[in-house]
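Student: Residues per chain are reported as follows:
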Amino acid sequence: MIPIILQVLRTGIVTEPTPQAREEWRTRSAQIQSEIVRLLGRALVIRHVDAGSCNGCELEIHALNNPYYNIEGLGIRFAASPRHADMLLVTGPVSRNMERALRIAYEAMPDPKLVVAVGDCGRDGGVFGESYATCGGVSKVIPVDVVVPGCPPPPLDILRGILTAIAS
Amino acid sequence: MALSGLNLDARALAGAAPVSLARVNRSQWTLAARVAREGAGRVVALWGSDNRDRNAGFSVYVAYAVRSGLVVLELQLPADAPAYPSIAEVFPGALRMQRALRDLLGIAADGAGDHRPWLRHGAWRADEFPLRRDFDAHARREGAPDGYPFVQVEGDGVHEIAVGPIHAGIIEPGHFRFSVVGEKVLRLEAHMGYTHKGIDRLFGEFEIATGHRLAGRVSGDSTVAFAWAYAQAVESLLGVEPPARAASIRTLMLERERIANHLGDLGALGNDAALGFALSQFMRLKEDWLRMSDKAFGHRFMMDRVVPGGVETDLRDDMREPLARQADSIEREVRRFQDIFDEHSGLQDRFITAGRVTPELAKSLGLAGLAGRASGQAFDLRCDFPCAPYDKLGVRKVVHTNGDVAARVRVRFDELYEALRLVREILTALPAGASRITLPQAAPGAMGFGWVEGWRGEVLVAVEAGEANRIRRCHAHDPSWQAWPVIEHAVIGNIVPDFPLINKSFNLSYSGEDC
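If you're matching them up, the sequences are chains A and B in order. Note that the working numbering gives residue 34 to position 34 of the first sequence, counting from 1, and the numbers run on in steps of one. Note that the working numbering gives residue 650 to position 482 of the second sequence, counting from 1, and the numbers run on in steps of one.
Think of the hints as simulated: they come from the structure by calculation, not from any bench. Yeah, the Cβ is synthetic: ideal placement off N, Cα and C, and Gly gets one too. Do not rely on the hints blindly, as some may be mistaken.
What the hints assert, rightly or not - Label-pair ranges, simulated between beta-carbon atoms:
1. A/Pro143 - B/Asp462: 30 to 40 Å
2. A/Arg10 - B/Pro285: 49 to 59 Å
3. A/Arg10 - B/Arg493: 10 to 20 Å
4. A/Glu72 - B/Asp485: 32 to 42 Å
What the hints assert, rightly or not - Some residues of chain B that are not near chain A, with every Cβ distance over 12 Å (derived):
5. Asn175
6. Arg202
7. Asp221
8. Val349
9. Ala377
10. Pro599
11. Ala614
Same shape as in the complex, but just chain A:
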């Protein structure tokens, strides 16, 4: 136990400042967002769905939980069930084999709900485009509020995208 406590003290608090929202990433009007902010204040629950990504975006979403970004410190946490979520964070070009599962997850969420598409694949299919196997972006399947570009987008950009979606 003592080595753990010493290490925690040695590390201190490494959390960095929160980034600003990016209005140009918003793809839909901010009406639902203000509703969410009114209802939830600064607490936000996210359900992540990998809709066929290469796993690169997942690595960067994981990083949001590291002490530098400390996303839980902002009142944002990830849930296991879409029924508990305010926001769907979707990666990947939406493979045809994940299309139905993504739709079911979206429909299972209570209203009002937000969707953030992460990465170039989530935006328009990225390098995979649209084919017999991919739908070519999240908005081809469910309504999207904010798109975060990048391959993969760095954690700070993903956080920025999440904050853009909830900024009123």
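Since the structure of chain A is already known, use the hints to place chain B on it.
Tutor: Only chain B this time, still in chain A's reference frame:
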């Protein structure tokens, strides 16, 4: 050579990987599997190609790793009766590859016991095949997912737990069907293919000079390994060699990728055994590490940095010292964390004996890579067939034999220290000169192979050149193909709550397998 006695007319290919290629007939195809098995060989990959446009029917390829290197066999099949003898009875690990090949190319494995679809979930019809050249790859088909006939387990008190494709955490999608009694797992059957993106077909739309971009997105956590294997394959078919400086920078990036993944996995494994401290500490180190990669190479995961003919970005001289210094500081911290792991009885209680894969089981299922080395399978391409500069670095092979979660943790710690040593060593002896060469024209029909030990295991990329410097056919193989079936065995007799821990200790790729 372990495939002697077959009268193979094998042709050795140029390039960094020791590969020979031979065309075989049906009886040689079948016999080769037995000879490879008896010679302690293993199946690295199995794939196929539509050559009807050249009046050559279809071809099925298998790559065996044997003592002398990689032997790739090609069996030509008539266009009107495309079937080949199954090798899954000799190498069970090949079964899913055969099923996927049936889904994608419509060539069947005679004598295989399992003909269920693998990658096809209903997004295209059962009588059309995406890798056939007359398949319209851009047309969307309105198919609904088929039901998948899982093997049923019956008995008093047996029930099923269905998990996925969407899992509870931030992870890739796949379906796991557990048959359990109480908490004990009787059987696990996985159903994958959810992230199938048609990558093999899509390669045909790329030029040889740009295919590394797609290869680097087969599995995002192994982008350097795949891009390097792709580059190796292209350099092999063109008969060119990357400059010595480029080889060293590639090695530096591949070892950095290994370290980044090991740091992340060790944190996640601690967390899965309820030591949240490990997650935050290791993720902090990983973040430091990725930020340094961004600074030195311009991308946190070093995507698109390995290119055919060399590397995209040269390493600035003033980055050498900070890179070496960081390797020292990370090692100091990781050693401290390893002490904490070793002394933590709660953690060890979860790790030891969980998800055990005996060396015998690993051998029979053809497990290689990191998980294989935790179960006594002493294969590491960096040691067995070292290309430059590994031949001069003298990589120490890490092998443990307990085959449990604890052993896979141990392999990660040991390989992390060794990779940090390699990073430092490369930085002290980085060759001068160019970091990239100009590529010559590719001869249509020329084939090349790349074979690289990524952090998870051996990555194989096969490339065939088409007209006008385009890719005619490219197949990218992730080691997760061989390892996923092993997990199904590893969990038998364990309790359901230990599955996430066991699964994480392998940390296999879904995208790499489904691609």
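Student: Can we trust that B/Ala614 is non-interface, i.e. its beta-carbon lies farther than 12 Å from all of chain A?
Tutor: holds (25 Å)
Student: Is the claim that B/Asn175 lies outside the interface with chain A correct, judged by CB distances over 12 Å?
Tutor: The claim stands: B/Asn175 keeps its Cβ more than 12 Å from every Cβ of chain A (closest is about 41 Å).
Student: Honestly, do A/Pro143 and B/Asp462 meet the 30 to 40 Å range at C-beta?
Tutor: Since A/Pro143 and B/Asp462 have Cβ atoms about 33 Å apart, the given range 30 to 40 Å holds.
Student: Kindly confirm whether 10 to 20 Å is satisfied by the beta carbon distance between A/Arg10 and B/Arg493.
Tutor: holds (18 Å)
Student: Given the hint of 32 to 42 Å, check if A/Glu72 and B/Asp485 actually sit that far apart at their C-beta atoms.
Tutor: holds (41 Å)
Student: With 12 Å as the threshold, tell me whether B/Pro599 passes as away from chain A on beta-carbon distances.
Tutor: holds (30 Å)
Student: I want to verify a distance hint. Is the separation of the beta carbons of A/Arg10 and B/Pro285 within 49 to 59 Å?
Tutor: holds (54 Å)
Student: Are all beta-carbon distances from B/Ala377 to chain A longer than 12 Å?
Tutor: holds (15 Å)
Student: Should the label of B/Arg202 as a non-interface residue stand, given a Cβ cut-off of 12 Å to chain A?
Tutor: Since the minimum Cβ distance to chain A is about 36 Å, B/Arg202 lies beyond 12 Å and the statement holds.
Student: Does B/Asp221 clear chain A by more than 12 Å, comparing its Cβ with all Cβ atoms of that chain?
Tutor: holds (19 Å)
Student: Holds or violated: is the Cβ of B/Val349 farther than 12 Å from all Cβ atoms of chain A?
Tutor: holds (25 Å)
Violated hints: none; the structure is consistent with every hint.
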